[in-house]
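There are 2 protein chains.
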Amino acid sequence: MAVIVHQVARPQGWPVAEQFAYLDVPTPAPGPGQALVENLYLSVDPYMRERMDVDELGVPLEGRSIGQVVHSRDLLLSVGDLVLHRHGWRSHALVTHQEVRVLPVVPGLSLTTYLSVLGGTGLSAYVGLTRVAQLRTGETVFVSAAGGGVGSAAGQIARLLGAKRVIGSTGSAAKAEYLTSELGFDAAIDYTAGDLPGRLAAEAPDGIDVYLDNVGGGHLEAAIGALRPRGRIAWCGAVGQYNSVMPPAAPRNLFDIVEKQIRLEGFLVRDYKYLQTELEGFLVPYLQAGRVLAPETIVEGLPNMVDAFLSMLGGGNTGKMIVKV
Amino acid sequence: MAVIVHQVARPQGWPVAEQFAYLDVPTPAPGPGQALVENLYLSVDPYMRERMDVDELGVPLEGRSIGQVVHSRDLLLSVGDLVLHRHGWRSHALVTHQEVRVLPVVPGLSLTTYLSVLGGTGLSAYVGLTRVAQLRTGETVFVSAAGGGVGSAAGQIARLLGAKRVIGSTGSAAKAEYLTSELGFDAAIDYTAGDLPGRLAAEAPDGIDVYLDNVGGGHLEAAIGALRPRGRIAWCGAVGQYNSVMPPAAPRNLFDIVEKQIRLEGFLVRDYKYLQTELEGFLVPYLQAGRVLAPETIVEGLPNMVDAFLSMLGGGNTGKMIVKV
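Chains as they are written, first to last, in the UniProt record's numbering: chain B, 1 to 325; chain Y, 1 to 325.
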């Protein structure tokens, strides 16, 4: 038997478990040209909350996944191949070789790395810093949601790219401690303790040059306030707004963008897949040398997929949230 | 005798005439290395409203001006030289050759052009389109405050740069008519008639690629709504906000910047003076051929300087506002 997770209702604001259903179904049999994959790891991402508002009901949400081929009628896929694909939220999937990437076995790399720092999460951080914000050596970088998948990757990548000072914001004192003690952030702010603008100013008395925004709202306003002239904001998401029924509060200091000649640019990582090879060329040696960590929160068991998703939306993860099937 | 206009009080919201005073003073005598200039034309600009909040009281506001040297003790300036300088809001000024530009006499060009399309006004439009928004051939451009100095230049420059469609927004039906009949805009919207988002969508059914923003507020929100993916906003001012005591309303659709991968960049023309030569090389032949107009509202008489300034803030000008001393 196989298990599949459907979205069965739309959320109003924060999603709840009842909007999903676990179904036991017969394990699908591959048709000609197809292969059956047994999923090993499922990616759990903030963007899935957005998909809940628009995707078809009565089917699984899209999600990246790593699985192993267990039966193949695709000449180009062999039993045992480890593949990266987009049929998440289920225990088994039918794929063709056109829609998967066969993963290499790289010494010193865990498989899940391809869902975290070598996946869309790490690519978002890399693209945001190198292409959108165009970070330069010696600059000061501020990262929101720094304990999350994108943020934890961004802080480490910024340091490798030559940032002088890397400051993260996160939702608990424990995560803040983790950022500075384990991930090499120079400073970390627990924003739940209040006065984010004041504490950002204290940690960056000369201002910041680059802000990687995952959050929007008050963080965006604080960053605009702290940015130096010609500062850049790479904006890849607004986790804090996905569950809001009201239009989000926009920054009151938006006009500072003119006064300080700030560049605010949104980006979607799906348009930057062409940089995947560059990302791996850059990061794999650092990962093998232990100079970059791939922090992951791995939840065991497909029956906990929905709980893992809801926990991630509430900031319950440190690093990339992954479900081990 | 000379006349000088002082700012004597700070505005709360909209400025009023009583915040200025006209003073009759002795005509200043140039010291060694100085020249006396009799001002001919004074520039009247929106940015002066911002200076009213911060500049010293009891002196004139900064302002660009064109004058003629009438007495010189600077070896490098001769009586009769026409010079561009920054000592506005007065009938006479003392200058040195280091702080002026001696203007050429170019056939077919009026002197005031150096305050309008060849001045900071035209340079703002040119920089916003070429450097900030990076306009490409075949794109659709939207310009706010299109009847003003920057906007009227921007619409014409966008066309010369190969824009497929140029749409302007302005504050009266008469100005809208002028934009399309005289300045070559493809469409013009009188925003005072309401429903700017709907009418912008009607004029640009496939969306816009570039927005040159002089206004902020509701115009910025409408433009974000109309922008196509990878659209760019060059933001050089927010006339609508200068007189506001409250923080301006920020666009409710700001998060579309992520979804559509929009780039919003503020700029200050003073940082782009190095492009002045490029601007003149580009525009002078078109001006001489009559293919670019330099719309100007010229108010006669220095005693009308304050009225001209207040009128400009209320949109009373078409094209660049200038006072003829």
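Rather than coming from a laboratory, the hints here were simulated on the basis of the structure.
Please note: incorrect hints may appear among the correct ones.
Facing chain B, a subset of chain Y residues (Cβ under 10 angstroms, in silico) [said to hold, decoys possible]: (1) E62; (2) E99; (3) R101; (4) R228; (5) I233; (6) C236; (7) A250; (8) R252; (9) L254; (10) I257; (11) E265; (12) L268; (13) Y274; (14) E278; (15) F282; (16) G314.
Glycine residues also receive a C-beta, built at the ideal position from the N, C-alpha and C atoms.
Each hint, compared with the structure:
1. E62: Status violated, d = 17 angstroms.
2. E99: 24 angstroms, violated
3. R101: 24 angstroms, violated
4. R228: Violated, about 13 angstroms.
5. I233: 9 angstroms, holds
6. C236: 7 angstroms, holds
7. A250: 3 angstroms, holds
8. R252: 4 angstroms, holds
9. L254: 5 angstroms, holds
10. I257: At about 4 angstroms, which falls below the 10 angstroms cut-off, the nearest Cβ of chain B leaves the hint on I257(Y) intact, so it holds.
11. E265: Cβ of E265(Y) sits 4 angstroms from chain B, so the hint holds.
12. L268: 6 angstroms, holds
13. Y274: 15 angstroms, violated
14. E278: 19 angstroms, violated
15. F282: 23 angstroms, violated
16. G314: 20 angstroms, violated
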